[in-house]
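Engineer: Line order of the protein sequences matches chains A and B. Under the numbering used here, the first residue of the first sequence is numbered 1, with each subsequent residue one higher. Under the numbering used here, the first residue of the second sequence is numbered 1001, with each subsequent residue one higher.
Worth flagging that the hints you see were computed from the coordinates, not collected in a lab. Being a predicted model, the structure only gives us computed values, none of them experimental. Note that beta-carbon positions come from the ideal geometry of N, C-alpha and C, so glycine has one too. Some hints could be false.
Straight-line Cα separation of at most 30 Å, BS3-like style, residue types lysine-lysine; simulated pairs [unchecked claim]: (1) Lys174(A) with Lys186(A); (2) Lys39(A) with Lys1174(B); (3) Lys1028(B) with Lys24(A); (4) Lys50(A) with Lys1074(B); (5) Lys1074(B) with Lys97(A); (6) Lys97(A) with Lys39(A); (7) Lys24(A) with Lys174(A); (8) Lys4(A) with Lys24(A); (9) Lys7(A) with Lys1043(B); (10) Lys7(A) with Lys1074(B); (11) Lys24(A) with Lys39(A); (12) Lys1074(B) with Lys49(A); (13) Lys1043(B) with Lys1028(B).
Covered stretches of chain B, going by a simulated chain A footprint (3 or more residues, C-beta under 8 Å) [what the hints assert, rightly or not]: (14) 1027-1038; (15) 1138-1144.
Covered stretches of chain A, as calculated for chain B (at least 3 residues, CB under 8 Å) [as the list claims (entries may be wrong)]: (16) 2-9; (17) 129-138.
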Amino acid sequence: MSYKFDKIRILVVEDNNPMLEICKSLLLTFGVGEVLSAKNGEDGFNVFKKENPDIVVADWMMQPMDGISLTRRIRNDPASPNQYVPIILMTGFSEKKRVVQARDSGVTEFLVKPFTARDLYKRIAQIIERPRQFVRSEDFFGPDRRRKAAESFEGPFKRESDAKLMAAQKVRMKEASVHLDELRSKAGLSKGDKIDIIDVDFS
Amino acid sequence: MTKKDDDTHFNMAPKRKADFHQPPNNLKFKVGQGGLSDDILDKAQALLENNTTDFRPLGEMYLDSMMRGINAVKSSPDSKTNDEAIIAAILFPAMQLKANGGMFHYNLVTSISDRLIQFLEVIDEVDQDALEIVMAFHTTIRAVLLGQIRGHGGQRGADLMQALIDACFRYFEKHPQKKTSK
Chain A
1 MSYKFDKIRI LVVEDNNPML EICKSLLLTF GVGEVLSAKN GEDGFNVFKK
51 ENPDIVVADW MMQPMDGISL TRRIRNDPAS PNQYVPIILM TGFSEKKRVV
101 QARDSGVTEF LVKPFTARDL YKRIAQIIER PRQFVRSEDF FGPDRRRKAA
151 ESFEGPFKRE SDAKLMAAQK VRMKEASVHL DELRSKAGLS KGDKIDIIDV
201 DFS
Chain B
1001 MTKKDDDTHF NMAPKRKADF HQPPNNLKFK VGQGGLSDDI LDKAQALLEN
1051 NTTDFRPLGE MYLDSMMRGI NAVKSSPDSK TNDEAIIAAI LFPAMQLKAN
1101 GGMFHYNLVT SISDRLIQFL EVIDEVDQDA LEIVMAFHTT IRAVLLGQIR
1151 GHGGQRGADL MQALIDACFR YFEKHPQKKT SK
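Required output: the full structure, derived from the provided sequences and hints.
Structural biologist: Structure below.
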């Protein structure tokens, strides 16, 4: 059993034509039913109002209206047909302050270019499987900017990359255990005996 | 003492009211479950890798835009500015080069532009020395495009990158005060 993307429609807002075509082709290869497109934030909002797509994928840098302004408009304009629509913002920026800027405008996911097909798919899967709750405060309306805590989380290792750290730590623990055995043997001690470091001859 | 004084310590940010909503997950209802197969994802990735779009006209357009930003700095009266808008005139084309180079097989353009962005993000003004660094980046990217150096460019690409990194280091050694932590 797999996702049936044929029932969903995605709006891609991108001013760079080759990039727009690539995004459309990727989404159609994923099996998306219909891919709508627009050349900038202003046109994008008009298409959004008319078509009410299930997901919006927008570039950041566009003229006259960029992806951040489009996001704010979708989230706050009374004419917006769905203020909760998931928005994936594509950009070359990866610096923390830019991610925060995008997050504060109300984007759901951030996709750094250049990206792979799996990167784009992961953002879509994240939207489907882990939708964020929405927050309305005096000066913000958008997805909760905090990541949800996983209920099954039992330790400090959270991300995929942490598995490497965990493996490296296991190796270090094993090495430490070997060194401890050496110390015991040099000191003529057995497991369970208390060890006093100043009594061991390291020569 | 007012009620507000009771609730908030003098140096604490005041609490803001926020309402939380959990919108219905219509997407999940529409697409079902199970994800996409590796076959589909591999096919999509192959489509990316086999796209034959010529990035050079687009790259040249962004380089021209960057040059306009460089000229704007040069034409300022004291050849020195801390105007965010002028930095942006160089930064935004650099970002476009970084974003799009790798999408169209010019990964070295992405790496070089990424380094230029890092440089621009930590300086708070573009003086003559900084401008020379930016020009070096611009010239190198143009050379990569003219030479059609696709991918990471092998040893030649690594040497070009190292030369630019060294130039940035030399700049910050000469102007340690210009490195801001943004």
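Engineer: State for each hint whether it applies.
Structural biologist: Outcome of the hint check:
no.: 1; hint: Lys174(A) with Lys186(A); result: 19 Å, holds
no.: 2; hint: Lys39(A) with Lys1174(B); result: 44 Å, violated
no.: 3; hint: Lys1028(B) with Lys24(A); result: 21 Å, holds
no.: 4; hint: Lys50(A) with Lys1074(B); result: 46 Å, violated
no.: 5; hint: Lys1074(B) with Lys97(A); result: 28 Å, holds
no.: 6; hint: Lys97(A) with Lys39(A); result: 26 Å, holds
no.: 7; hint: Lys24(A) with Lys174(A); result: 50 Å, violated
no.: 8; hint: Lys4(A) with Lys24(A); result: 17 Å, holds
no.: 9; hint: Lys7(A) with Lys1043(B); result: 21 Å, holds
no.: 10; hint: Lys7(A) with Lys1074(B); result: 54 Å, violated
no.: 11; hint: Lys24(A) with Lys39(A); result: 13 Å, holds
no.: 12; hint: Lys1074(B) with Lys49(A); result: 44 Å, violated
no.: 13; hint: Lys1043(B) with Lys1028(B); result: 24 Å, holds
no.: 14; hint: 1027-1038; result: holds (count 10)
no.: 15; hint: 1138-1144; result: violated (count 0)
no.: 16; hint: 2-9; result: holds (count 6)
no.: 17; hint: 129-138; result: holds (count 8)
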